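A.B. asks: This is what each chain is made of:
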Amino acid sequence: NAGVMQNPRHLVRRRGQEARLRCSPMKGHSHVYWYRQLPEEGLKFMVYLQKENIIDESGMPKERFSAEFPKEGPSILRIQQVVRGDSAAYFCASSPQPFPSVNTEAFFGQGTRLTVV
Amino acid sequence: DAKTTQPPSMDCAEGRAANLPCNHSTISGNEYVYWYRQIHSQGPQYIIHGLKNNETNEMASLIITEDRKSSTLILPHATLRDTAVYYCIVRVDGSSNTGKLIFGQGTTLQVKP
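Read top to bottom, the protein sequences are chains B and E. Counting from 1, position 52 in the first sequence corresponds to residue 52 in the numbering used here; the numbering is continuous, with no gaps. Counting from 1, position 21 in the second sequence corresponds to residue 21 in the numbering used here; the numbering is continuous, with no gaps.
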């Protein structure tokens with residue numbers, strides 16, 4: 001059973017371009033979470049999605065950021081008109097049930113490192 | 001969620017036990033203590049979690065004080081590959097599950113040969 005797969009691992013974008021980050025959850029997992037880690041900082045929750053639904057997007061910046069988790073295919077985190085401050089590591093996690101709960105934990109991917117030049 | 005306090009860094013000799021403390025003095029009765037670690041440039045890795053009883057798995061042991069205001073993660077025989085940032089997180093279990101783990105600055109554990 002492959003783990004959570006994120007691609008690309010590294011992404012370079014010029015200011016003003018769009019960035020698309022993909023996350024394929026573990027097999028059988030229908031809950032996906034995105035976190036962002038700015039340089040020298042801890043991880044910050046962004047959004048929680050269940051298939052075709054956004055459950056909690058309280059950590060998402062109000063503009064330029066969006067996320068989806070379609071019925072088929074990976075979850076996508078989309079950043080429009082990127083700025084240098086968007087440079088960070090973006091991690092995706094998945095779980096078979098809503099997380100956290102006593103009988104489950106979330107498994108994280110290796111992240112996508114976005115660099116805006 | 002209850003706030004946690006961890007020392008910013010610790011050293012440990014290879015082969016010795018690493019004891020990582022965490023204070024969570026405002027923890028409430030239904031909040032679990034979770035530990036994750038992040039090895040450089042990798043995604044966070046789940047280690048262990050508990051409510052009030054001590055817990056042990058193949059990776060570590062978790063000791064929670066009787067008043068639940070603090071806990072200690074124990075890596076019984078630390079190896080160089082255990083060098084990482086260790087995060088102690090307190091999270092409510094129950095209907096408000098949103099995946100919103102609140103990561104602090106964690107403790108950077110350096111295992112030395």
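I should point out that these hints are in silico values taken from the structure, not numbers from a laboratory. There could be a bad hint or two in this list.
[To be verified] What the simulated footprint calls covered on chain B by chain E, stretch by stretch (three residues with Cβ under 8 Å from a Cβ of chain E suffice, anywhere in the stretch; the number is not a length): (1) 56–67; (2) 79–88.
[Stated by the list, open to error] Partial chain E-side listing against chain B, Cβ under 8 Å, derived: (3) Cys12; (4) Gly15; (5) Ala17; (6) Pro44; (7) Gly104.
Note that the structure is predicted; figures quoted are calculated from it, not measured. Heads up, the beta-carbon is just placed ideally off N, CA and C, and yes, glycines get one too.
A.B. asks: All hints are to be evaluated individually against the structure, with a verdict given for each.
C.D. replies: To see whether the hints hold, each was checked on the structure:
Here's how the region 56–67 of chain B fares: 3 of its residues keep a CB closer than 8 Å to some CB of chain E, so the rule of at least three is met and the hint holds. For a cut-off of 8 Å, the count of residues in the region 79–88 of chain B with a CB near a CB of chain E stands at 0, and the three-residue condition is violated. Below 8 Å, beta-carbon pairs count as interface contacts, and cysteine 12/E has none with chain B, the closest being about 22 Å; its hint is therefore violated. Checking glycine 15/E against chain B by beta carbon gives a least distance of about 28 Å; that is not within 8 Å, so the hint is violated.
Here the hint on alanine 17/E is broken, as its CB sits about 24 Å from the closest CB of chain B, past 8 Å. Evaluation of the proline 44/E hint against chain B yields a held restraint, the C-beta minimum of about 5 Å falling below 8 Å. At a threshold of 8 Å, the smallest CB-CB gap from glycine 104/E to chain B is about 6 Å, leaving the interface hint in force.
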